[in-house]
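Residue numbers (this note's numbering), protein chains in the order written: chain C, 1 to 66; chain U, 1 to 251.
Simulated from the structure, these hints should not be mistaken for laboratory data.
Source: prediction; values computed, not measured.
Misleading hints may appear alongside valid ones.
[Unchecked claim] Going by beta-carbon spacing under 7 Å, a handful of chain U positions derived as facing chain C:
(1) Thr20
(2) Ala24
(3) Thr42
(4) Val43
(5) Thr54
(6) Arg75
(7) Val178
We treat Cβ as the ideally placed atom computed from N, Cα and C, and that holds for glycine.
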Amino acid sequence: MKAQVNGTSRDLVDGTSVAAVVSLVGAPEKGVAVALDGAVVPRALWDSTIVPDGGVVEVLTAVQGG
Amino acid sequence: MDDPLIIAGREFRSRLITGTGGAANLSVLERALVASGTELTTVAMRRVDAAGQTGVLELLRRLGIEVLPNTAGCRTSAEAVLTAQLAREALETNWVKLEVVYDEQTLLPDPVELLDAAERLVRDGFVVLPYTNDDPVLALKLQDIGCATVMPLGSPIGTGLGIRNPHNIELITSRAGVPVVLDAGIGTASDAALAMELGCSAVLLATAVTRAQDPERMAAAMRCAVEGGRLARIAGRIPQRFWAQASSPGL
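Turn these sequences into a full structure, and let the hints guide you.
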């Protein structure tokens, strides 16, 4: 199945969790948040939340700015 | 003299809030932050793969500086609300510097989207510090819906044009029931001092320091300027006169 991960189309195996996507993009341990289809997925639910086919995942962290 | 800045019940000794954008590298940023004396500093939220790992969070934690996430880059209320919620999740703070800009050329706040986002975030339990136009009416509305500060611009972000409408800033500070933070447009130390003399409670700046030829020295200058302007404001300046008035006794 396919999902949009940080703006890029990715082929993912069925049942891929949000936690797996977070490690896929090489996110640091701390200071990361995830939105799935425009809604925040709390860290506690990363393992149990499965990315659906066509899902849009954004993995964000803090950078210099403002 | 004990004169803390109090935002949403939290006390700060420093009245200078800094941004982290624009610094050449983290060691330049670190020296500038230390020289500024700041206790509250903004960061932006970006995609992990586009941003790489900047280490800015680790730096702020090591320096004991509170992190203030912003919603820079957001153009709509919906985007800003989601970005704030992501920042709260990532950084474990319910504070947010709310930015909703209308276009890239001016980076001026979109007042309609800003007010809507502020209302939604306040309702969602955020401590909202909105970056706003130097519009006294909008400032009052933001305050009335529960924002913790109002942060009017002196001039557009990154321009260094200083405070283009000092009277508007004074109108805002004269009616504010929450701290007014002059945010954006500061070019040099005198701009920061003027902001404080006009009654602002704090100054937020980034570019003026991070892109100065010597960021560390400019950070120190801003620290002094904010302190000086604050003291002058509290001290009460003399009225301006048209004609001279001798300060020495007559012969």
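Hints, one by one, checked against the model:
1. Thr20: 4 Å, holds
2. Ala24: Cβ of alanine 24 of chain U sits 11 Å from chain C, so the hint is violated.
3. Thr42: Since the shortest Cβ distance to chain C is 3 Å, the answer is holds.
4. Val43: Given a least distance of 4 Å, the restraint on valine 43 of chain U holds.
5. Thr54: The hint holds - threonine 54 of chain U has a Cβ within 7 Å of chain C, the shortest such distance being about 5 Å.
6. Arg75: 15 Å, violated
7. Val178: 20 Å, violated
Of the numbered hints given earlier, the model fails hints 2, 6, 7; all others are met.
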